[in-house]
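Throw the hints in and build the complete structure from the sequences for me.
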Amino acid sequence: MNRAEPLVLGIETSCDETGIGIVRGRTLLSNTIASSMDEHARYGGVVPEVAARAHLEALQPSIEAALAESGVALADLDAVAVTSGPGLAGALMVGVGAAKALSVSLEKPLYAVNHLVGHIAADILDADAPPLEYPTVALLVSGGHTSLLLVRDLTTDVELLGETMDDAAGEAFDKVARLLGLPYPGGPEIDRAAASGDPKAIPFPRGLSRASDMAKHRYDFSFSGLKTAVARWVEQREAAGESIPVADVAASFREAVVDVLVTKALAACRDYDVPRLLLGGGVIANRRLRDVALERAAAEGVTVRIPPLSLCTDNGAMIAALTSELIMSGRAPSTLEFGADSTLPVTEIQVAESA
Amino acid sequence: MILGIDTSLGSAVAVVEPDGVVRSQVESADPRGHAEVIGTLIERALAEASVSPSDVTHVAAGMGPGPFTGLRVGIAAARTFALGRGVPVVPVASHDAVALELLIHDALTGGYEDAGDETFAVVTDARRREFAYTLYRGLDEDGLPVRVTGPALAPRDDLDGVLANAGAARRDADRIPAGMLALAAARALAAGRTIGPADALYLRSPDVTLPHAPKRVGS
Ligand SMILES: [Zn+2]
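Taken in order, these protein sequences are the chains called A and B. full-length UniProt numbering numbers the first residue of the first sequence as 1 and each following residue consecutively. full-length UniProt numbering numbers the first residue of the second sequence as 1 and each following residue consecutively.
Each hint should be verified, as a subset may be incorrect.
As the list claims (entries may be wrong) - Stretch by stretch, here's where chain A covers chain B in the computed footprint (C-beta under 8 Å, at least three residues):
hint, region
1, 37–50
2, 72–79
3, 82–95
4, 200–206
Unchecked claim - Label-pair restraints from in silico Cβ distances:
hint, chain 1, residue 1, chain 2, residue 2, range
5, B, Asp174, A, Thr263, 48 to 58 Å
6, A, Met328, B, Asp140, 54 to 64 Å
7, A, Glu64, B, Ala166, 39 to 49 Å
8, A, Gln236, B, Asp160, 52 to 62 Å
9, A, Thr263, B, Ala152, 52 to 62 Å
10, A, Ser310, B, Arg170, 34 to 44 Å
11, B, Pro155, A, Arg42, 23 to 33 Å
12, B, Pro155, A, Met1, 51 to 61 Å
Calculated directly from the structure, the hints in this document are not laboratory data. The model shown is predicted, which means the values in this text are computed figures rather than measured ones. We treat Cβ as the ideally placed atom computed from N, Cα and C, and that holds for glycine.
In structure tokens:
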């Protein structure tokens, strides 16, 4: 196996994107994504069984497309990589089964890795960015997760500082969008509606931000109370026969989400004396979140890194990138004895490493 | 060499020679945990057959019916194994493997008079108080089981009535013999026929409920 610049194919199926990525060392060769998002639209959220069926159908064409794009033959690979968790169990299993069989078929080593740590590794593939410095705080926000991490080393030391206690931030966007009669996925819709709204119009609550929450949940998030507050506000206006100022509701809701995400992330930077913040996950596509994070981080002397947006959403390239780092750092492959772990803790960067 | 993979009930992998000799057959009866065991089973099946991955010329995939989550693991594995070697996947309805085993057994033992003409049903547990069943009658000239109807689902309490109406004997199966799956693929290949569906035989739509208007939260 080439440990200097390994050629790795990564398979990611933890939610509704079938992601196949190919990297050579730290160079991105292909980031192929097939999404089943459209199939979930009418249900207002990701339906696990629909996602899993779509993965099975998309997997082989996606691998073939990634190989064609990168001009790589399967026989040239140094390793196969796959997401073991966290994520939707049935969806993860499709990728795990596929990756194991591909690894045995090619007689190439297999690495089973952590999806969340993969989001951090996506940053490494940004050819224009300076090398990632440690330690860094990482804020990962998507429809499936909202996590605040302290990364001392990508391949050996990632600590969970906090995560959402209920809905993921992206889920909150979807639910509030529905409340306002906007289509799925909610993020871009709320953004569009918020463009002309006043973010200070309605003082929606910031979850887990009271002094009394701070002892136990300093870095944790909660968005279900916010969703309920928006619903109640809308109902009260409707009951009073008033029209709903959708732009103001959307802008104020979005501001509450962004405020709590950025406040807690910067609190972690301050508390751990880490002047670096890395953003990842699909919700980073939200411009307001990026703008507020950049502005408030600059005021505190914190440098913000944001991978290219195509690498922020779930993808296989980040799984390949993380594996490439593991290989370059001398790590042994995984055995074949692992499964899909829907609640895999972030401290388990690689699963089932052989002795 | 044909590699057979099925995860519609437990997990089963076999290696069969093109002429039908079963070189190896390994399985796990665990009705869950398909993703955990599939890689090891493929490795063991190859090792016990003393063949290397590059000796595999076709991969037979058990397409179900079976509980979705497990079923997909084997199909995904069959497809990527085949992709890795640049060889074709041969889809096979999983019940065909059971039917073939029963028919070959009957032919060898002469257990049934006119066994070839008896209609029988391969029945597997589909969970949620339902069975999946397929009706078969005898082998055709290519040595493949003749599917009369199915696969289909029936409520547990209704199945015997359905089979009585069809005049079919009930043959319950709690495992899919991967060797027979690969043998069915070998016979289909020899005859130049396609016998299985290209897509998984889920037999059920995904569980989804269309969202209604947002619930009121009250004040
Ligand atoms: Zn993600």
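* **Hints that the structure is at odds with (numbers, increasing)** => Those not satisfied come down to hint 10.
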